[in-house]
Amino acid sequence: MTDKLQPARLADRLVERIKNMIHERQLVEGMRLPAERQLADEMGVSRSSLREAIQKLISEKTLISRRGGGTYVCDEFSWSQHSIVEPLRTLVADDPGYRYDILEARHAIEASTAWHAAMRATAADKEKLQACFDATLALKESDHPDLAAQADVRFHLAIAEASHNVVLLQTMRGFFDLMQSSVIHSRQRMYTLPTIFTRLTEQHEELLLAILAGDPERAGKAAKSHLGFVHSTIKNLHEDEARQARITRLPDENSL
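Each residue of the sequence shown is one higher than the one before, counting from -15 in this note's numbering.
Incorrect hints may appear among the rest.
[Claimed, not checked] Cross-link-like lysine to aspartate or glutamate pairs, in silico, EDC-like; alpha carbons within 16 Å at most:
| # | residue 1 | residue 2 |
| --- | --- | --- |
| 1 | K205 | D224 |
| 2 | K112 | E189 |
| 3 | K219 | D85 |
| 4 | K205 | E223 |
| 5 | K110 | D199 |
| 6 | K208 | D224 |
| 7 | K112 | E26 |
| 8 | K3 | E26 |
Bear in mind the hints are in silico, worked out from the structure with no lab data behind them.
Predicted model only: the values in this text are computed from it and were never measured.
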């Protein structure tokens, strides 16, 4: 560990390092920071020093902490957190089945963002979309499915940004915030299964090519097809997890 500096000075330096990490990894509103232990190890500091720096960032509205749910990037000027995320978070907490309502809503909204992105994307937007897609490919062999899932989020948010519709963009950010907390494990698992990863890559590429070609109908269709696949895949993964959980609760035959 490198906690040799005065505590206040170390915390200030850690604040800047965390901000740089957020920028370098292109973490946007709603994305989760690495777990505390992992982040402390990466930065070579104690967890107590890291907590102090994170508290400073929370105070200045750069981060937001959720009890039992980790630390996330936030935007103090975003109305999506208060108007969309928090009311829906309560529903999902009370009944996890509502997460599928979120997926259905994404189906409708992302078809719209893709359509508008194909109509309005600038050269800079298209360059960013290509870079985000390339980032998903770079993580194909990654041992960190959480990073692969975040690369997926960045790609979809880049499409929303290219739509040049602030309402759609903020709504998308709110949905991905909810996705991070409600289906994060299933999203990560999708990137550990080669067959699913290949399908996702093919769908992302078709969506990208449609937007680059300026074809809104093709883009909207690609978005609907992709999200239909994501919806059914996550639902199947959740059902498999629930089935496995039930099996582990069965009494041992030796105890009968």
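Problem - Unmet hints by their number, sorted upward, for this structure - result: 1, 4, 6 and 7
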